[in-house]
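Enquirer: Residues per chain, in single letters:
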Amino acid sequence: MASGGLACLMFTLVALNILAAAASLALFAVAIWVVVDGYKLYAISAVSGKDDIFAAAWIAIFTGFAFFLTCLFGIFAAVKRSRRLMLVYLIVMFIIFIFECASAITAATNRDYLVGNSNLVKKQMLQYYTDDSSKGNQITDTWNRVMQEVKCCGADGPADWITFDSTYKTKFPNSFSWPPNCCEKLSNSEVKDPISCRDGGITLFKKGCFQHIEWVLSHYTWAVNWYGFAVLMLVFFMLLLAMVYYIQLD
Amino acid sequence: MLAVLFVVGTLCPLNFAALDISLLDPRSDGVLTAIFSDAFLLRFPNCTTYGDKKAEVLYQILKTDQNQTASFTVPNCNDKQASRGYLLNKLQNGTSYSVWYKIGDETSSNLTNSTIPVTNFSQINDGLPARSGAMVVITVILAVAMVVLLAGLIFLMFFSG
Numbered sequence: 001m002a003s004g005g006l007a008c009l010m011f012t013l014v015a016l017n018i019l020a021a022a023a024s025l026a027l028f029a030v031a032i033w034v035v036v037d038g039y040k041l042y043a044i045s046a047v048s049g050k051d052d053i054f055a056a057a058w059i060a061i062f063t064g065f066a067f068f069l070t071c072l073f074g075i076f077a078a079v080k081r082s083r084r085l086m087l088v089y090l091i092v093m094f095i096i097f098i099f100e101c102a103s104a105i106t107a108a109t110n111r112d113y114l115v116g117n118s119n120l121v122k123k124q125m126l127q128y129y130t131d132d133s134s135k136g137n138q139i140t141d142t143w144n145r146v147m148q149e150v151k152c153c154g155a156d157g158p159a160d161w162i163t164f165d166s167t168y169k170t171k172f173p174n175s176f177s178w179p180p181n182c183c184e185k186l187s188n189s190e191v192k193d194p195i196s197c198r199d200g201g202i203t204l205f206k207k208g209c210f211q212h213i214e215w216v217l218s219h220y221t222w223a224v225n226w227y228g229f230a231v232l233m234l235v236f237f238m239l240l241l242a243m244v245y246y247i248q249l250d
Numbered sequence: 001m002l003a004v005l006f007v008v009g010t011l012c013p014l015n016f017a018a019l020d021i022s023l024l025d026p027r028s029d030g031v032l033t034a035i036f037s038d039a040f041l042l043r044f045p046n047c048t049t050y051g052d053k054k055a056e057v058l059y060q061i062l063k064t065d066q067n068q069t070a071s072f073t074v075p076n077c078n079d080k081q082a083s084r085g086y087l088l089n090k091l092q093n094g095t096s097y098s099v100w101y102k103i104g105d106e107t108s109s110n111l112t113n114s115t116i117p118v119t120n121f122s123q124i125n126d127g128l129p130a131r132s133g134a135m136v137v138i139t140v141i142l143a144v145a146m147v148v149l150l151a152g153l154i155f156l157m158f159f160s161g
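In order, the protein sequences belong to chains A and B. Counted the way this note's numbering counts, the first sequence spans residues 1 to 250. Counted the way this note's numbering counts, the second sequence spans residues 1 to 161.
Among these hints, one or two may not hold up.
[What the hints assert, rightly or not] Now the stretches of chain A that chain B is said to cover, found in silico as 3 or more residues with beta-carbon under 8 angstroms:
no., region
1, 86-94
2, 102-111
3, 118-128
4, 131-142
Read the hints as simulated data drawn from the structure, not as lab findings. The C-beta atom is built at its ideal place from N, Cα and C for all residues, glycine as well.
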């Protein structure tokens, strides 16, 4: 290839590497956001043993940063016009590419298990809410917070507590038909209107919590899988170009 | 005619007024449901007629002889803090009951209804419901991309200068 064409290819490769470096740094940041779990719903995936959304985010943290460093190395290799350095760059990028693919696929797959429908979340709630085990404590704390913050009750609604038996009903048979956190509370954590709560009146939160839980876990998943996929597609075409550049180098 | 009506009226004292029994209506009474797995939410007798009076709820499982009783005081019409209805609880789930009120000499008609049958939570199927389209698309495209890159790398390493 004429030297003008090669120079053009080199500049294109450098530009794409700069873009990929920025994009992978953003992937690193977004994966940190997922791992930090600002909505504090990790317990719901951990207790069921299906926390691969967060495992995928951890992988994306490392691959995002690794992509960033390797892209910088790629800029150096392209400017040096070194075949050996370009080969090292291609091999390392390919390895990171595989790991990032694993992360994106894992996140997408695991989301289907967790929030494909409300059954898993509902069963877990009925089984572990107010249970004395460590899983029970995690689920109880999570659900108590979600119910009050989101003003919701049950997975699909308060009727979940009536239609199914639960650890809560077994432990507290003489209490309300649903947990007190399903009702409006005062700032001192007492139920605002116990009679209205007992009767299912206006102070009972009537919407289910699954919509919120599904929203959060889906957004965590999409941050890792769809944004990871976008970065991978950019890197894919950049690597094809890098292979062409490698072939053209003496 | 008016005289006849007055005479008939004096022969019909208030304790012949109908004592009603019914469940609360979720739509008009603002409650989630009146039927639970272990309780019924019954509308209180009319507070104008029966306010502050002692009332009894008699209930029995359908087709059995065992009568049970619970008592309460009908709330006053001015009591704004009162519940909308009487919660008849400690019932068995998935069972048909016959319920009626008794205030003094008056007895209401029978109300027959069933409590909600309870399902064990272990029967909920929490297996994978279905694969989403996103998962399939991402997996297929990335698998193809990985194969193309691998083929390209192998070509580069073994077949090009």
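Enquirer: For the region 102-111 of chain A, do at least 3 residues have a Cβ located nearer than 8 angstroms to some Cβ of chain B?
Expert: Holds: 5 residues of the region 102-111 of chain A have a Cβ under 8 angstroms from chain B.
Enquirer: Within the region 131-142 of chain A, is the number of residues with a Cβ closer than 8 angstroms to a Cβ of chain B three or more?
Expert: violated (count 0)
Enquirer: Count the residues of the region 118-128 of chain A whose Cβ falls closer than 8 angstroms to any Cβ of chain B, and tell me whether that reaches three.
Expert: This one holds; 7 residues, not fewer than the three required, reach chain B with a Cβ under 8 angstroms.
Enquirer: With a Cβ-Cβ cutoff of 8 angstroms, does the region 86-94 of chain A contain at least three residues near chain B?
Expert: holds (count 4)
Violation of the numbered hints given earlier is confined to hint 4; every other hint is satisfied by the structure.
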